[in-house]
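**Q** Chains X and G are the protein sequences, given in the same order. Note that my numbering gives residue 378 to position 223 of the first sequence, counting from 1, and the numbers run on in steps of one. Note that my numbering gives residue 239 to position 95 of the second sequence, counting from 1, and the numbers run on in steps of one.
A portion of the hints provided could be inaccurate.
Derived lysine-lysine pairs resembling DSS-like cross-links, with alpha carbons at most 25 angstroms apart [as the list claims (entries may be wrong)]: (1) LYS224(G) / LYS281(X); (2) LYS280(G) / LYS267(G); (3) LYS154(G) / LYS277(G); (4) LYS253(G) / LYS187(X).
Calculated directly from the structure, the hints in this document are not laboratory data.
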Amino acid sequence: MSVVRVLFSYLIFPGFVFTAVIGLFLTWIDRKVTARIHWRVGPPWYQPYADFLKLLLKETIIPEGSSKILFLLGPVLGLVAMTILAVMLFSMNMNPSGTFVGDLIVIVYLLALPPLGLMIGGSASKNPLASVGVSREMTQYFAYELPFLIAIATIILKAGGSIRFGDIILAQQANGPFLYSISGVIGAIVILLSTQAKLGFVPFDIPEAEQEIMAGVYIEYSGVALAMYRVVRGMMLFILPLFLISVLWGGFGDWWAILKFLLIVVLIILIKNTNPRIRIDQSLRFFWLGIGVLSIIGLVLAVYGL
Amino acid sequence: MANAKLWGLKKSPWVFHVAAASCNNCDIEILDVLTPRWDVERFGIVLVGSPRHADALLVTGVLNRKSLSRVLRVYEQTPKPCLVIGVGTCTCDNHMFAPSYNVVGPYDKHIPMDVYIPGCPPKPEAIISGVVKALKRL
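Kindly generate the complete structure, drawing on both the sequences and the hints.
**A** Quick look at the structure:
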């Protein structure tokens, strides 16, 4: 019985199917809001599902001379990581006392897997533009991961030095969300901007810059592999705001969480639509000197309990 | 299953723009179609940067000896099934370049075409109607 329950939770709810369906719907919200900002009508609600279906049934081309396994491993790695992450986040929010020590570290590593998959798949696809995209993705990853980890350290400090995810949620349920303090606001800004970069949304979409390097790392992908990448992007758009809510805004055990979630998603989409793309060196400087210094200030404030 | 495939293809044709040595007028009209005024994203049509992602190729310009091998290569790189839509009179009958020594067109001598959209350049409405006709033929 328990095996069936585990399989259900990984494959249906809150694992793969649920997260993928909601994630694809969120990509429609993204496209629709973008269209309204452009003063357009935008696609109908079933658009991402039609895209997905079409990609599933198209020919999948593997470039000549590339490593077949590594090429297909790229999207699979992201898909697996996001599925596990969805299950972990939901079970931890439903039952905060039943988690294990160090699961915050596991979550940070799982969040690192989709960009890793992109790098593996992109460098296996044997295309010069994909290589440029991979090198940019790598630089970008090192850029945003530093302030992100410092913000996580701030949260650990505020939760009394515990690296158990459940303790963070329990501490917020006892003393109010961490967001309602100066270091909490700083942490939220840092994690929100890192989320933007993790999603590859516009000010930080340097690895897949359409006008300079076509689609960057995605350039050789077609058919099922591309469909998997799109699902991973949708799932990340679902899970990363949930992660932000659960570490800073008191978890998502209640119905208010839906409003909080929509607020964060719309904020991400608005940032995406009101900014130009920056260069890779500007991105690195922004994340290390600007946001990095800000996150260290947040850490110091958290030490003094502000 | 076949119906689902057809529905997906009809509802989300991603377009790759092959500018095979055209005079740029047709290219500008294609960009016009993507602007907020006509907004083809209503029908799920998106311009993509790589032929690997494409479902339809919009070819413009008269086919000459230099561009022939490139167009063929882009067509082979596109995953099947894919549509090929010729935009502009040049793609139909070589237009005013027909007597030139360099012209090897029209396109249907070399690749299977689905729809021709005449006009020099065609109006954005004509391009949209041509794409709709191509999708109806599926």
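**Q** Does each hint fit the structure? Answer for all of them.
**A** We went through each hint and held it up to the structure:
no. : hint                  : result
1   : LYS224(G) / LYS281(X) : holds, 21 angstroms
2   : LYS280(G) / LYS267(G) : holds, 20 angstroms
3   : LYS154(G) / LYS277(G) : holds, 11 angstroms
4   : LYS253(G) / LYS187(X) : violated, 41 angstroms
Comparing the model with each earlier hint shows a violation of hint 4 alone; every other hint is respected.
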